[in-house]
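Trainee: Given the structure of chain A, go ahead and fit chains B and C onto it with the hints provided.
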Amino acid sequence: MPRMKIETKIKELGFTLPDVPKPVASYIPAVKTGNLVFTAGMLPMVKGKLAYNGKVGADVSLEDGVKAAEISLLNGLAAIKGVAGDLDKIVKVVKLSGYVNSASCFTDQPKVLNGASELLLKIFGDAGKHARIAIGVNELPLNACVELDIIVEVKE
Amino acid sequence: MPRMKIETKIKELGFTLPDVPKPVASYIPAVKTGNLVFTAGMLPMVKGKLAYNGKVGADVSLEDGVKAAEISLLNGLAAIKGVAGDLDKIVKVVKLSGYVNSASCFTDQPKVLNGASELLLKIFGDAGKHARIAIGVNELPLNACVELDIIVEVKE
Amino acid sequence: MPRMKIETKIKELGFTLPDVPKPVASYIPAVKTGNLVFTAGMLPMVKGKLAYNGKVGADVSLEDGVKAAEISLLNGLAAIKGVAGDLDKIVKVVKLSGYVNSASCFTDQPKVLNGASELLLKIFGDAGKHARIAIGVNELPLNACVELDIIVEVKE
Numbered sequence: 258m259p260r261m262k263i264e265t266k267i268k269e270l271g272f273t274l275p276d277v278p279k280p281v282a283s284y285i286p287a288v289k290t291g292n293l294v295f296t297a298g299m300l301p302m303v304k305g306k307l308a309y310n311g312k313v314g315a316d317v318s319l320e321d322g323v324k325a326a327e328i329s330l331l332n333g334l335a336a337i338k339g340v341a342g343d344l345d346k347i348v349k350v351v352k353l354s355g356y357v358n359s360a361s362c363f364t365d366q367p368k369v370l371n372g373a374s375e376l377l378l379k380i381f382g383d384a385g386k387h388a389r390i391a392i393g394v395n396e397l398p399l400n401a402c403v404e405l406d407i408i409v410e411v412k413e
Numbered sequence: 258m259p260r261m262k263i264e265t266k267i268k269e270l271g272f273t274l275p276d277v278p279k280p281v282a283s284y285i286p287a288v289k290t291g292n293l294v295f296t297a298g299m300l301p302m303v304k305g306k307l308a309y310n311g312k313v314g315a316d317v318s319l320e321d322g323v324k325a326a327e328i329s330l331l332n333g334l335a336a337i338k339g340v341a342g343d344l345d346k347i348v349k350v351v352k353l354s355g356y357v358n359s360a361s362c363f364t365d366q367p368k369v370l371n372g373a374s375e376l377l378l379k380i381f382g383d384a385g386k387h388a389r390i391a392i393g394v395n396e397l398p399l400n401a402c403v404e405l406d407i408i409v410e411v412k413e
Numbered sequence: 258m259p260r261m262k263i264e265t266k267i268k269e270l271g272f273t274l275p276d277v278p279k280p281v282a283s284y285i286p287a288v289k290t291g292n293l294v295f296t297a298g299m300l301p302m303v304k305g306k307l308a309y310n311g312k313v314g315a316d317v318s319l320e321d322g323v324k325a326a327e328i329s330l331l332n333g334l335a336a337i338k339g340v341a342g343d344l345d346k347i348v349k350v351v352k353l354s355g356y357v358n359s360a361s362c363f364t365d366q367p368k369v370l371n372g373a374s375e376l377l378l379k380i381f382g383d384a385g386k387h388a389r390i391a392i393g394v395n396e397l398p399l400n401a402c403v404e405l406d407i408i409v410e411v412k413e
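Residue numbers (my numbering), protein chains in the order written: chain A, 258 to 413; chain B, 258 to 413; chain C, 258 to 413.
Be a bit skeptical, because a hint or two may be false.
Said to hold, decoys possible - In silico DSS-like cross-links for lysine-lysine, where the CA-CA straight-line distance does not exceed 25 Å:
1) B/Lys412 / C/Lys306
2) B/Lys289 / C/Lys346
3) B/Lys262 / B/Lys306
4) B/Lys349 / A/Lys349
5) A/Lys346 / B/Lys349
6) A/Lys289 / B/Lys349
7) C/Lys386 / B/Lys304
8) A/Lys368 / C/Lys306
9) B/Lys306 / A/Lys279
10) B/Lys368 / A/Lys306
11) A/Lys289 / B/Lys386
12) C/Lys268 / C/Lys346
13) B/Lys279 / B/Lys306
14) A/Lys412 / A/Lys306
15) B/Lys306 / B/Lys349
16) A/Lys349 / C/Lys349
17) A/Lys306 / A/Lys349
18) C/Lys289 / C/Lys266
19) A/Lys412 / B/Lys349
20) C/Lys368 / B/Lys279
21) B/Lys266 / B/Lys386
22) A/Lys289 / C/Lys349
23) B/Lys304 / C/Lys368
Source of the hints: derived by calculation from the structure; they are not laboratory data.
Okay, chain A solo, but in the shape it has when bound (with noise of 0.2 Å):
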């Protein structure tokens, strides 16, 4: 049985891969060398708009800031899409690096990150398993709760 589409199985959990998203700044979404793709960083935007902003621990709660890592995650899936042409070329994950907007002695970034760790996994199954290494800080572009930048491994 061949596997589900990508795109079908982001569908069937219930999340939207948005359109590519475009950059604050001067930079582009994702760059393909090689086998490996780099994205740029990723805010918690839909449609252009930040869902949610402050710090996670005083303005955004834990939950929020599930959700937001979540959001963030499509965007750079859509990214990846944009430079690869199809979720489906993704071989693996390999590394995912997640900012939060930290509140002073908010130490539950691997929570809010799991936000987009699980939907990895849900997504990509065994394919989706990766490194990943999760840092708090003060302030972040546009006062977005969380940023994260994806590293993936892309067939030919």
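Mentor: Chains B and C only, in chain A's frame:
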């Protein structure tokens, strides 16, 4: 018509490629693996001294932050030249990661990093189009106002 | 004379390679793609518990920050061994990215990360010379004092 040499282009734009930056600790300025070159973190150093330090949005203006990003980028290109031998070996710029020492409530990290991104476009044209992440942080080495690293693809 | 086995060298230096670190959330410790291995973010965990937590420059001394960087590095090497099979497969260390949980005005992130960088040089010699970025941040997962990730090149 052959492409102008990259170092000539840098001069024509009014900038000077510095000497390879001296690391501030136990590492080297750049490493080549396969067709990729990864640089170390680059600070806005001019002749071994920080040109701009402190937090953007408080001690350092946005305009000076932009200049600091340009200087850091030139240091990064010097580091790449050190391992690639010649900047004309660069096939494309893959990824720029930029960290801005950010005053509380400063959220214009993308504008700061545009100093580096726009210079890449001016120097390399289409080959300079890169993925980028901009992050705000509360402290940087030596109290630098910006730090960045670069990944580029080079030919053998 | 054949090179001493890397794990023997680690022991001779007075360190112990730990078990593969257990991720604190939904990801895996390291991923191999082509000839590169990317690790997840590594914390200064010893047998599942953080050895040092809090902010360097306030709760944690510079000396203890250095030790925390050493521990995090050893966890990273264990993660690489987990996917590469053997640390002797490492051709060179490419990049070390280090994040230091930093008290206000603490700007000696490079000295903290030297704990990891100098250990890499001792273990791997010339093959341990790496590019590095050191960043200060206001919060880290579980209130760890340092977090780092590593990219290495391995042979097939």
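Trainee: Mind checking the alpha carbons of B/Lys262 and B/Lys306 for me, to see if they're no more than 25 Å apart?
Mentor: Roughly 29 Å between the alpha carbons, so the hint for B/Lys262 and B/Lys306 is violated.
Trainee: Verify the proposed pairing of C/Lys368 with B/Lys279, using a straight-line Cα cut of 25 Å.
Mentor: Given pair C/Lys368, B/Lys279 holds - Cα atoms ~15 Å apart, limit 25 Å.
Trainee: Measure nothing beyond the straight line between the CA atoms of B/Lys279 and B/Lys306; if it is 25 Å or shorter, mark the hint as holding.
Mentor: It holds: about 11 Å lies between the C-alpha atoms, which stays within 25 Å.
Trainee: So if I understand the rule, the pair passes when the alpha-carbon distance is 25 Å or less; does B/Lys306 with B/Lys349 pass?
Mentor: This hinted pair is violated, its Cα atoms lying about 30 Å apart.
Trainee: Please work out if A/Lys412 and A/Lys306 have their alpha carbons no farther apart than 25 Å.
Mentor: violated (33 Å)
Trainee: Going straight from one Cα to the other, do A/Lys289 and C/Lys349 come out at no more than 25 Å?
Mentor: holds (23 Å)
Trainee: Quick one, are B/Lys304 and C/Lys368 close enough, alpha carbons at most 25 Å?
Mentor: Given pair B/Lys304, C/Lys368 holds - Cα atoms ~21 Å apart, limit 25 Å.
Trainee: Given the hint that A/Lys346 pairs with B/Lys349, test it: the Cα-Cα distance must not exceed 25 Å.
Mentor: Between A/Lys346 and B/Lys349 the Cα gap is close to 22 Å, so the pair holds against 25 Å.
Trainee: So if I understand the rule, the pair passes when the alpha-carbon distance is 25 Å or less; does C/Lys386 with B/Lys304 pass?
Mentor: holds (24 Å)
Trainee: Just to be careful, I want the Cα atoms of B/Lys412 and C/Lys306 compared with a cutoff of 25 Å; is the pair within it?
Mentor: Violated, at roughly 45 Å.
Trainee: Check whether the Cα positions of C/Lys289 and C/Lys266 lie no farther apart than 25 Å.
Mentor: holds (24 Å)
Trainee: Below or equal to 25 Å on CA atoms is what counts here, so check A/Lys289 against B/Lys386.
Mentor: Measuring from Cα to Cα gives roughly 11 Å; hence the hint holds.
In this structure, the earlier hints numbered 1, 3, 9, 14, 15 and 17 are contradicted, and the remaining ones agree with it.
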